[in-house]
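Residue numbers (my numbering), protein chains in the order written: chain Z, 1 to 544; chain A, 1 to 95; chain R, 1 to 141.
If you're looking for bench data, these hints aren't it; they were derived computationally from the structure. As the structure is a prediction and not an experimental result, all values here were calculated from the model. Glycine included, C-beta positions come from ideal geometry on N, C-alpha and C. It is possible that part of the hints are untrue.
Pairs of lysine-lysine residues, derived as DSSO-like cross-links and limited to a Cα-Cα distance of at most 30 angstroms, are as follows [said to hold, decoys possible]:
no.	chain 1	residue 1	chain 2	residue 2
1	Z	Lys167	R	Lys59
2	Z	Lys390	Z	Lys494
3	Z	Lys380	Z	Lys390
4	Z	Lys380	A	Lys20
5	Z	Lys77	Z	Lys390
6	Z	Lys275	R	Lys138
7	Z	Lys429	Z	Lys275
8	R	Lys138	Z	Lys167
9	A	Lys20	Z	Lys97
10	A	Lys20	A	Lys2
11	Z	Lys37	A	Lys20
12	Z	Lys223	R	Lys138
13	Z	Lys325	A	Lys20
14	Z	Lys494	Z	Lys165
15	Z	Lys97	Z	Lys165
16	Z	Lys77	Z	Lys3
17	Z	Lys473	Z	Lys3
18	Z	Lys275	Z	Lys325
19	R	Lys116	Z	Lys165
20	Z	Lys80	Z	Lys390
21	A	Lys2	Z	Lys494
22	R	Lys59	Z	Lys97
23	Z	Lys473	A	Lys2
24	Z	Lys248	R	Lys59
25	R	Lys59	Z	Lys3
26	Z	Lys248	Z	Lys3
27	A	Lys94	A	Lys2
28	R	Lys138	Z	Lys37
29	A	Lys94	Z	Lys429
30	Z	Lys97	R	Lys138
31	R	Lys116	Z	Lys3
32	Z	Lys97	Z	Lys37
33	Z	Lys165	R	Lys59
34	Z	Lys37	Z	Lys248
35	R	Lys59	R	Lys116
36	Z	Lys37	R	Lys116
37	Z	Lys37	A	Lys2
Taking beta-carbon pairs under 8 angstroms as the criterion, some of the chain A residues facing chain Z (in silico) [as the list claims (entries may be wrong)]:
no.	residue
38	Glu37
39	Val54
40	Leu58
As a plain string of letters, each chain reads:
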Amino acid sequence: MYKYDEYDQAVVDARVEEFRDQVRRRISGEMTEDQFKPLRLMNGLYLQLHAYMLRVAIPYGTLSGRQMHMLAHIARKYDKDYGHFTTRQNIQYNWIKLSDAPDILAELATVEMHAIQTSGNCIRNISADQYAGAAADEIEDPRPYAELLRQWSTFHPEFSYLPRKFKIAVIAADEDRAAMKLHDIGLQIVRNDAGEVGFRLYAGGGMGRTPMIAPVIRDFLPKADLLSYVEACLRVYNRFGRRDNIYKARIKILVHEIGRDEYARQVEEEFLHTKTLGLDAPEAEFQRIAALFAPPPFETGLPDEIDRSDPDFAIWVDQQVVAHKAPGYAIVNISLKPTIGIPGDASSAQIDLMADLATEYSFDEMRVTHAQNIVLPHVKKADLYTIWQKLDAAGLATPNLDLIGDIIACPGLDYCALANARSIPLAQKIAARFADLDRQRDLGELKLKISGCINACGHHHAGHIGILGVDRKGEENYQLLFGGSGAEDTSLAKIVGPGFSEDGVVDAIETAVNVYTSLRADGERFVDTYRRVGEKPFKEAIYG
Amino acid sequence: MKIVTGNDLVTGDVTWWTGKGWSRHVADAVDVGADGEHIAHVEEAALRVNGPVVIDGLMTEAGPVPAHIKDRIRAAGPTVRTDLSIRPDFQIEKA
Amino acid sequence: MGDLISFRTDGTHEEPAVTLDAFEGQSNATAVRLEPTDDPRALIPHLERLSLIEVAFPKFRDGRGYSVGSILREAGYTGELRAAGDVLVDQILPMRRCGFDSFLADAPIDRATMEKLGSLYDDVYQKTVDGRSPIWAKRHG
Numbered sequence: 001m002y003k004y005d006e007y008d009q010a011v012v013d014a015r016v017e018e019f020r021d022q023v024r025r026r027i028s029g030e031m032t033e034d035q036f037k038p039l040r041l042m043n044g045l046y047l048q049l050h051a052y053m054l055r056v057a058i059p060y061g062t063l064s065g066r067q068m069h070m071l072a073h074i075a076r077k078y079d080k081d082y083g084h085f086t087t088r089q090n091i092q093y094n095w096i097k098l099s100d101a102p103d104i105l106a107e108l109a110t111v112e113m114h115a116i117q118t119s120g121n122c123i124r125n126i127s128a129d130q131y132a133g134a135a136a137d138e139i140e141d142p143r144p145y146a147e148l149l150r151q152w153s154t155f156h157p158e159f160s161y162l163p164r165k166f167k168i169a170v171i172a173a174d175e176d177r178a179a180m181k182l183h184d185i186g187l188q189i190v191r192n193d194a195g196e197v198g199f200r201l202y203a204g205g206g207m208g209r210t211p212m213i214a215p216v217i218r219d220f221l222p223k224a225d226l227l228s229y230v231e232a233c234l235r236v237y238n239r240f241g242r243r244d245n246i247y248k249a250r251i252k253i254l255v256h257e258i259g260r261d262e263y264a265r266q267v268e269e270e271f272l273h274t275k276t277l278g279l280d281a282p283e284a285e286f287q288r289i290a291a292l293f294a295p296p297p298f299e300t301g302l303p304d305e306i307d308r309s310d311p312d313f314a315i316w317v318d319q320q321v322v323a324h325k326a327p328g329y330a331i332v333n334i335s336l337k338p339t340i341g342i343p344g345d346a347s348s349a350q351i352d353l354m355a356d357l358a359t360e361y362s363f364d365e366m367r368v369t370h371a372q373n374i375v376l377p378h379v380k381k382a383d384l385y386t387i388w389q390k391l392d393a394a395g396l397a398t399p400n401l402d403l404i405g406d407i408i409a410c411p412g413l414d415y416c417a418l419a420n421a422r423s424i425p426l427a428q429k430i431a432a433r434f435a436d437l438d439r440q441r442d443l444g445e446l447k448l449k450i451s452g453c454i455n456a457c458g459h460h461h462a463g464h465i466g467i468l469g470v471d472r473k474g475e476e477n478y479q480l481l482f483g484g485s486g487a488e489d490t491s492l493a494k495i496v497g498p499g500f501s502e503d504g505v506v507d508a509i510e511t512a513v514n515v516y517t518s519l520r521a522d523g524e525r526f527v528d529t530y531r532r533v534g535e536k537p538f539k540e541a542i543y544g
Numbered sequence: 001m002k003i004v005t006g007n008d009l010v011t012g013d014v015t016w017w018t019g020k021g022w023s024r025h026v027a028d029a030v031d032v033g034a035d036g037e038h039i040a041h042v043e044e045a046a047l048r049v050n051g052p053v054v055i056d057g058l059m060t061e062a063g064p065v066p067a068h069i070k071d072r073i074r075a076a077g078p079t080v081r082t083d084l085s086i087r088p089d090f091q092i093e094k095a
Numbered sequence: 001m002g003d004l005i006s007f008r009t010d011g012t013h014e015e016p017a018v019t020l021d022a023f024e025g026q027s028n029a030t031a032v033r034l035e036p037t038d039d040p041r042a043l044i045p046h047l048e049r050l051s052l053i054e055v056a057f058p059k060f061r062d063g064r065g066y067s068v069g070s071i072l073r074e075a076g077y078t079g080e081l082r083a084a085g086d087v088l089v090d091q092i093l094p095m096r097r098c099g100f101d102s103f104l105a106d107a108p109i110d111r112a113t114m115e116k117l118g119s120l121y122d123d124v125y126q127k128t129v130d131g132r133s134p135i136w137a138k139r140h141g
């Protein structure tokens, strides 16, 4: 994975000092909150319901054991001993003091971490496929490109005050494990007919108040043009994105309003210009970065068989372990969705354990997924049983990957100042209702996502079942949606009907799931049956 | 009743205007009548509070209760981690 | 009046800036003011005779001016490029990197803070119109 050189280190160190001074000027009153807010957001610091919240960047979801240990340390020293992994592969701490924030950033900088641009109207964390470098279906590891984009976007002076936030995702396979088409810019690494590697570039996707799937803007972008082309995309957005209404300020609105063809035309015109400015890093820089993502020294001649005699272990293997491109290895998914608990949360002890497992068993590398789980990407099959035992002892071995119990939920009104309704208690009720893992397995892949408000941090539009918390006359109410997907079969979930109370929506989900099992054809997931039979049978069963 | 509430600038703690100063405990909140905006303005300028707002509340036997669920959660703490709550017993649901 | 800061060696241009509309109808103006919605490329044929282009920043969160400045410098403009309006000390560095070399701020700018912030970063990741060598260039000579 990427390692800082002295330039990278100097940048984050300078940023710590800059922020320390900004905090000083805020606390002394030299700066008003209005002036300070965009600056603290650009360092990932929110003011939430109960305290400041700090969102630490985990670039494209990749981190080392040492970095993970630091995240545990931050939780213990500055917070209340836990952290929350997010749908953009970052981690959040909910109980931060403003006065501690500069010291936290200083400690993070010692392990090559930061909170740069994890909030604010700027380019955010570049996300990537959590199986990068391990999956057999990728053309190349997408992360060197994500790192190139990370550096290019860091403190980019022209794009620090965009109309709104900007999220970029990079994938390298036809299977989309990063919800790429629901990003402001999505990049898929492809090969053209000449066998050259480049990108299919999408722009204008997103969720929130007006969810949209990104159209293709450029079928093939040579890799050498990546930065100058994305620069053109951003410049057109910075100049012409709406600034009159924050709910209409994302690039998806611009692309929708002027049309995909016109946006693409403007970008191509600007690109003819930006291409001449020498913005693109040379191939040597790309190679330097790519070398840091070279495959780890996989052993050969390893045993391929897994001893499945322990039935609980076998169940966990079947659900959580995914094929690796190197023989004898496997990809391990660690669930942060215990049947009783809070989706995406991990205690400092659990974080430390996962760090140790990564160091010992996964070439010191782990990933955070946008489904709020953790991945150990390079595990020997021979080590799976030992790992499972350790995870099980720590409450991290729930075998529910992509099942209904693998709920994605934003922090919601329990923590977030933007929320209209709580999402975590609802997630807990759903998890309890479907606690029976045999039943979960019978229901199969069922991606359930909960957002506590229209900002859609829970990605509910991309849920096979999505839930949106709303404020109905001062009471929490929940809208139910079906049929979304953030995978390559990207679709936006549709509202089923009038909203429900918290208990009501749990019942409605159970009803819907029963409709699915009564109507499903062989091999159909919930979302497949819904797409085939339409909403009518579900609506009738739920609303009578 | 009208209550003024905000967050402490330095710690981020939820705070409630007591009539004399700021308290972390909603039980200490007073009815500010029509003076809320003025108090908020003065206190924010003096850096004694960050982002103050005037909210509706009800005086009950159990003390002041904010009208909106968001503020009741601010008063109580996260309902899913009562071990971290300042007032785990605080009633969240509307009576 | 506003706090005027210049990083140019030839001082600040005193002549009042006309609007883009007025400029396009007037042959002898040497100073023009662009609003965030004006197209800076309309000035490209006239850059040689302009001594001052003032770009409005009506609210510091409105970042359109950063693109305006960059576009003008990319087009070869060498005169005074002034950011005017809600300019705060923390924006001076990114504005300079986008080509601005003078600032007319609505509220006073603390010079000590400005100097301190301006000296924090030895290096930058991106190539911009400020001519600084980006980190990738320094890495590869």
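Worksheet item: Against the structure shown, which of the earlier numbered hints fail to hold, in ascending order?
Response: 2, 4, 7, 13, 17, 18, 21, 25, 26, 28, 30, 38, 39, 40
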